[in-house]
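S.K.: Dock the two chains into a complex; use the hints.
For the record, the sequence lines run as chains F and D.
When we follow the numbering used here, the leftmost residue of the first sequence carries the number 1, and every step to the right adds one.
When we follow the numbering used here, the leftmost residue of the second sequence carries the number 112, and every step to the right adds one.
Heads up, some of the hints might be wrong.
Simulated DEER-style distance windows between Cβ atoms [unchecked claim]:
1. F/S26 to D/A113: 33 to 41 Å
2. F/E8 to D/M211: 39 to 47 Å
3. D/K128 to F/S30: 16 to 24 Å
4. F/S30 to D/G125: 27 to 35 Å
5. F/Q45 to D/G139: 30 to 38 Å
6. D/D170 to F/E79: 30 to 38 Å
7. D/V123 to F/Q42: 20 to 28 Å
8. F/Q42 to D/T137: 32 to 40 Å
9. D/E190 to F/Q45: 30 to 38 Å
10. D/E190 to F/D62: 45 to 53 Å
11. F/S30 to D/T176: 40 to 48 Å
Listed next, the in silico EDC-like pairs over lysine to aspartate or glutamate satisfying Cα-Cα at most 16 Å (straight line) [stated by the list, open to error]:
12. F/K103 to D/D149
13. F/K22 to F/E80
14. F/K22 to F/E67
15. F/K15 to F/D81
16. F/K9 to F/E20
17. F/K15 to F/E79
18. F/K73 to F/D62
19. F/K9 to D/E190
20. F/K57 to F/E80
21. F/K103 to D/E153
22. F/K9 to D/D149
23. D/K128 to D/E167
Here are a few chain D residues that sit away from chain F, every Cβ distance over 12 Å (derived from the structure) [unchecked claim]:
24. G127
25. T137
26. G151
27. V163
28. E167
29. I180
30. P186
31. G216
32. T222
The set of hints was computed from the structure by calculation and includes no laboratory data.
Ideal placement from N, C-alpha and C gives every residue a C-beta, glycine not left out.
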Amino acid sequence: AQRVTQPEKLLSVFKGAPVELKCNYSYSGSPELFWYVQYSRQRLQLLLRHISRESIKGFTADLNKGETSFHLKKPFAQEEDSAMYYCALRTNSNSGYALNFGKGTSLLVTP
Amino acid sequence: EADIYQTPRYLVIGTGKKITLECSQTMGHDKMYWYQQDPGMELHLIHYSYGVNSTEKGDLSSESTVSRIRTEHFPLTLESARPSHTSQYLCASSDTRGLMGYTFGSGTRLTVV
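Excised from the complex, chain D in its bound form (with noise of 0.2 Å):
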């Protein structure tokens, strides 16, 4: 079933490890997103693609990285995890107009301690 995947769903890592949360997508979109959103609050905007080898930081400034190798995946990483990292991700695609909105994954819980 075509669908946005993000693994894991829940994440509790210790102080400067290094994590990479993965999202997939079988839709064939060719925009990717992924926003950060601390409880109760807004999503911000921390990285798009437009598509294979295009990435772009978004409005709100993140240490986090990301990558777009291949269309259905986008995988965002921390070099070294802090506390201040601690938040929901979530990652969403589009189709090139992007008129149907985001199909949104189920997000990565990601805790820091």
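If we strip away everything but chain F, and leave its shape as in the complex, we get (with noise of 0.2 Å):
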């Protein structure tokens, strides 16, 4: 089965620190994976796409799958950072191509 693991319920860094959140997941086939951000007060929304390999709001991911993970990494964290983050598998077993989230880690920049 398809599992994806945040494995930070709470990550707390102070303004101008570099950050992680860690994702991890479990899938023996090609993996397509992203990370969502929730900021407080509105809907979840796409931050970042591997297969794009793009840099967003300063964010980036990168796919290791000898590691399994896909963690995202930024290397000064702004206050408007704060917000929750998940991470997301899609496979292309059951589920149609659906989403699968991981628990999500709530991401506290403090000044």
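M.R.: As structure tokens, this is what we get:
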């Protein structure tokens, strides 16, 4: 079965410090991975897709198939980065290419 | 503006009542999804649809039902609400390939008393 693990429920860092939100997945095939973010009182929105290899709002994430990880990183955290972050895995198995989400990590950036 | 809309945002209802949570999207997306999320927990897929007249159950067993009579509309119904149904329900949609991920609605927070 496909599974996404986000080991940290809460991550607190100081403004300007580097931040890494961990995501590990279990899937034997070729995964598609995403990071979603939910700011306070806003809806869940897409932050990053691994296939695009882009940097959004200073965040990057690299798929490491050997370690089955897709950690989200930012070199210098900002207060506006405080939000809930969800890692999601999409596979071509059952449930019609639907996304499997991790439990989420709450990031708090303090001044 | 192309978007996905969920109504109501909040609903408090008594046990045994029938409820329908509405979800509509104006993006022309083929695929639509319902997720259930308890506070601090992950999102669980409860229903999905590939298109009109297509509905499937997701990974999490749910007593709710869905219908997809029109492309843009994907309502979720609970015939007899119970306190165990108290949760947040999120609707999402994607295009056929889903490469851009999902667009999520704002969610409906349901409380059954």
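S.K.: Could you work out which of the previously given hints the structure breaks and list their numbers from low to high?
M.R.: Violated hints: 2, 3, 4, 5, 8, 11, 13, 19, 23, 26, 28, 31; rest satisfied.
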